[in-house]
Amino acid sequence: MIRFEKVFFRYQENPVLKDLTFTIADGEFVGIIGPNGAGKSTMLKLINRLLIPEKGKIALQNKPLKSYSHKELARWIGYVPQDFSTTFNYTALEIVLMGRYPYQKALAFDSAEDIQMALQAMEITDCDHLRSREIHTLSGGEKQLVILASALAQQPRILLLDEPTSALDIKHQIHFYQILHKLRNEQKITILTVTHEVNLAAQFCERIIILKNGMIVADGPTANVIQPEILQHIYDIPLQVISHPLNNLPVILPDFRSS
Amino acid sequence: MAESRTKLLFILFLFFLLISVLFIVPLIGSQPLHIQQIIDYLKGIETTSGIIFFRIRIPRILLAIITGASLALAGVVFQSLLRNPLATPYTLGVSSGGALGAVLVIKLGVAFSWWGFSTIQISAFMGSIATITLVYFLARRQRRISVYVMILAGVTLSYFFGAMILMLHFLADFTETRQMVRWMMGGLDVVNPEILWRSLPLLFVSYLVLFSQARMLNILSTSEEIALSKGIAIERVQKIAFLFASLLTGLVVAISGPIGFVGLIIPHFLRLIIGYDHRYLMPASLLLGGSFLAICDTVARTILAPVDIPVGIITALIGGPFFVWLLVRRG
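If you read the sequences in order, they're chains A and B. Letter by letter, the first sequence follows residues 1 to 259 of the numbering used here. Letter by letter, the second sequence follows residues 1 to 331 of the numbering used here.
Source of the hints: derived by calculation from the structure; they are not laboratory data. Quick caveat: nothing in here was measured; it's all calculated off a predicted structure. Among the hints, erroneous ones may be present.
Under the rule of at most 30 Å between Cα atoms (straight-line distance), these lysine-lysine pairs were calculated in the BS3-like manner [as the list claims (entries may be wrong)]:
{"no.": "1", "chain 1": "A", "residue 1": "K71", "chain 2": "B", "residue 2": "K43"}
{"no.": "2", "chain 1": "B", "residue 1": "K239", "chain 2": "A", "residue 2": "K45"}
{"no.": "3", "chain 1": "A", "residue 1": "K55", "chain 2": "B", "residue 2": "K239"}
{"no.": "4", "chain 1": "A", "residue 1": "K71", "chain 2": "B", "residue 2": "K107"}
{"no.": "5", "chain 1": "A", "residue 1": "K105", "chain 2": "B", "residue 2": "K7"}
{"no.": "6", "chain 1": "A", "residue 1": "K66", "chain 2": "B", "residue 2": "K239"}
Incomplete in silico selection of chain A near chain B, CB under 10 Å [as the list claims (entries may be wrong)]:
{"no.": "7", "residue": "F8"}
{"no.": "8", "residue": "H70"}
{"no.": "9", "residue": "G78"}
{"no.": "10", "residue": "N89"}
{"no.": "11", "residue": "M98"}
{"no.": "12", "residue": "Y101"}
{"no.": "13", "residue": "A108"}
{"no.": "14", "residue": "I147"}
{"no.": "15", "residue": "Y235"}
If you anchor each label on the Cβ, the simulated ranges turn out as follows [unchecked claim]:
{"no.": "16", "chain 1": "A", "residue 1": "Q82", "chain 2": "B", "residue 2": "L134", "range": "42 to 50 Å"}
{"no.": "17", "chain 1": "A", "residue 1": "G140", "chain 2": "B", "residue 2": "L138", "range": "35 to 43 Å"}
{"no.": "18", "chain 1": "B", "residue 1": "L171", "chain 2": "A", "residue 2": "S166", "range": "56 to 64 Å"}
{"no.": "19", "chain 1": "A", "residue 1": "M215", "chain 2": "B", "residue 2": "R236", "range": "44 to 52 Å"}
{"no.": "20", "chain 1": "B", "residue 1": "G320", "chain 2": "A", "residue 2": "I252", "range": "17 to 25 Å"}
{"no.": "21", "chain 1": "A", "residue 1": "T87", "chain 2": "B", "residue 2": "A233", "range": "53 to 61 Å"}
{"no.": "22", "chain 1": "A", "residue 1": "D219", "chain 2": "B", "residue 2": "W325", "range": "26 to 34 Å"}
{"no.": "23", "chain 1": "A", "residue 1": "S243", "chain 2": "B", "residue 2": "R144", "range": "17 to 25 Å"}
{"no.": "24", "chain 1": "A", "residue 1": "P238", "chain 2": "B", "residue 2": "L243", "range": "58 to 66 Å"}
{"no.": "25", "chain 1": "B", "residue 1": "A130", "chain 2": "A", "residue 2": "N36", "range": "40 to 48 Å"}
{"no.": "26", "chain 1": "A", "residue 1": "S132", "chain 2": "B", "residue 2": "K43", "range": "48 to 56 Å"}
{"no.": "27", "chain 1": "A", "residue 1": "D26", "chain 2": "B", "residue 2": "W325", "range": "50 to 58 Å"}
Ideal Cβ positions, reconstructed from N, Cα and C, are used throughout, including at glycine.
Take these sequences, add in the hints, and give me the full structure.
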């Protein structure tokens, strides 16, 4: 469980999040959407303690986030950044094994268990065939699967994803979200994903939080939030919401050529 | 070379290479040595070959080994810490600060010695340490060190110290200038073997501390965000790695002068062979760095014998073309 209470954060003079309050229950699959600069990524980074709030309280499992050590926090939360690039050309398996760090003794080499957990994580994300490939030789889609596996090697109860599919084609986007869906169903992992792909979020997330100007403007079950009035107001464009003919989930359809 | 067994075997090979270098390379030199005399020396008989081998060449080769090893290891650490494959042990101004310290006492003509270390060595070491302290405090931000500010501060200070060194050159007379230039070229003449033994504890502690950070450096060298999300206390790792890599560099620069290229080409060459994992890369760099500089020094001693060429010139003459070859090959 994650709880934000009146969390305030700013970069220099610009407030990015203004008194944010919300709760995420265990096992929820939450999509965080909203226009550029709304504070979505900042919110994720606060949960992962990549950033520290100026005011307000953040709690994880009813304990203040501050009370967790670095390694403890890494055993709870896995993080997938928007795009991962590295100067040094590690192999995919080496990158995934980095996720075992919070379980390892400082000097030890990787144990058989570490390697087994890493390979298992790569199987879950369909990238075990890439294990000995160098990271610089992977496509954008393959790289994201490796990074997801590296986060899963931490055996986290919560996964934070910051626009994980923004550089992927539609097939790889769907594949990626199907893996998340499976993780949520089979391992009961809590998932928070920041995304601009509103239709993907509408298909896979059960709850949508919409942020604008550092405030929550809508929060609730997907069907209640994906409404034309709300989205038109948020994105400031005319649009329709229709039902998907196969599963009746909402699909957003902008009025592409209207002025 | 993906298998960890293969990598360990390669490191073992580098270890035996270093041992062979230590005992074979001192046999080469302008003065031919007689093996029998060297063996006699071990039995307590004073022989010319024995004295040259044990009292002159071995200490010098040892100095070459610890200098090369330290520079190669420091190169690995700075490259991953700054996430920049072109970083060297000197990128952050350690050598310029050391050079300024050395040149300053040459100009002032101060001469004393402490615990076997000469004025120039002490002053160079203090110059290095003052520089990295300054760079550290300039680059320190809330909760972490900014590597961008660190590089900028280091490069800026290098240029600034460079100007001060030129000023001192300009004010110096011919004897002083020659001494300054000679120091800047780097050299491995052992005036007092005692300082070798006295430096070893600090060197070995630094090696071990840096090795202990290997896995953290792996993760930190990808990105700070990833490192934090994997549970690494990044500021602590940055501090430890920066402090001990700088100490190593400062110490060997003070003793041997700023010898270039070792810290750049050894790590790059080894990454091609055993990959990027610091748990293998660090010991491999230490071992190969030592052998490499010992061999370069032998070339420096013999190629124009009896003239002793500064070893920094040889490492640059070998290292420059080699590095270009690496770039062309990969491009």
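A/D219 paired with B/W325, Cβ distance criterion 26 to 34 Å: Once the Cβ atoms are compared, 59 Å apart, the range 26 to 34 Å for B/W325 and A/D219 is violated.
C-beta pair A/T87, B/A233: status relative to the range 53 to 61 Å that was hinted: Check failed, 22 Å falls outside 53 to 61 Å.
Cut-off 10 Å, beta-carbon criterion: hint that A/Y235 touches chain B: violated (28 Å)
Cβ distance range 35 to 43 Å for A/G140 and B/L138, holds or violated: holds (37 Å)
Distance restraint between A/K55 and B/K239, which requires alpha-carbon spacing of 30 Å or less: Holds. A/K55 to B/K239 sits at ~28 Å (cutoff 30 Å).
Supplied distance hint 50 to 58 Å, evaluated on CB atoms of A/D26 and B/W325: holds (57 Å)
Proposed proximity, A/K45 with B/K239 (alpha carbon, max 30 Å): Cα-Cα ~23 Å, so holds.
Verdict for A/S132, B/K43 (Cβ pair) under range 48 to 56 Å: At roughly 55 Å between Cβ atoms, B/K43 and A/S132 fall inside 48 to 56 Å, so the hint holds.
30 Å Cα cutoff - pair A/K71, B/K43: With Cα atoms ~58 Å apart, A/K71 and B/K43 exceed 30 Å; violated.
Evaluation of the interface hint that places A/M98 against chain B, nearest CB under 10 Å: Since the shortest Cβ distance to chain B is 5 Å, the answer is holds.
Closest C-beta approach of A/F8 to chain B relative to 10 Å, hint status: Nearest chain B Cβ about 17 Å off; hint violated.
Assessment of proposed distance window 17 to 25 Å (beta carbons of B/G320, A/I252): Between B/G320 and A/I252, where Cβ atoms are some 59 Å apart, the hint is violated.
The structure fails hints 1, 4, 7, 15, 16, 19, 20, 21, 22, 23 (numbered hints given earlier, in ascending order).
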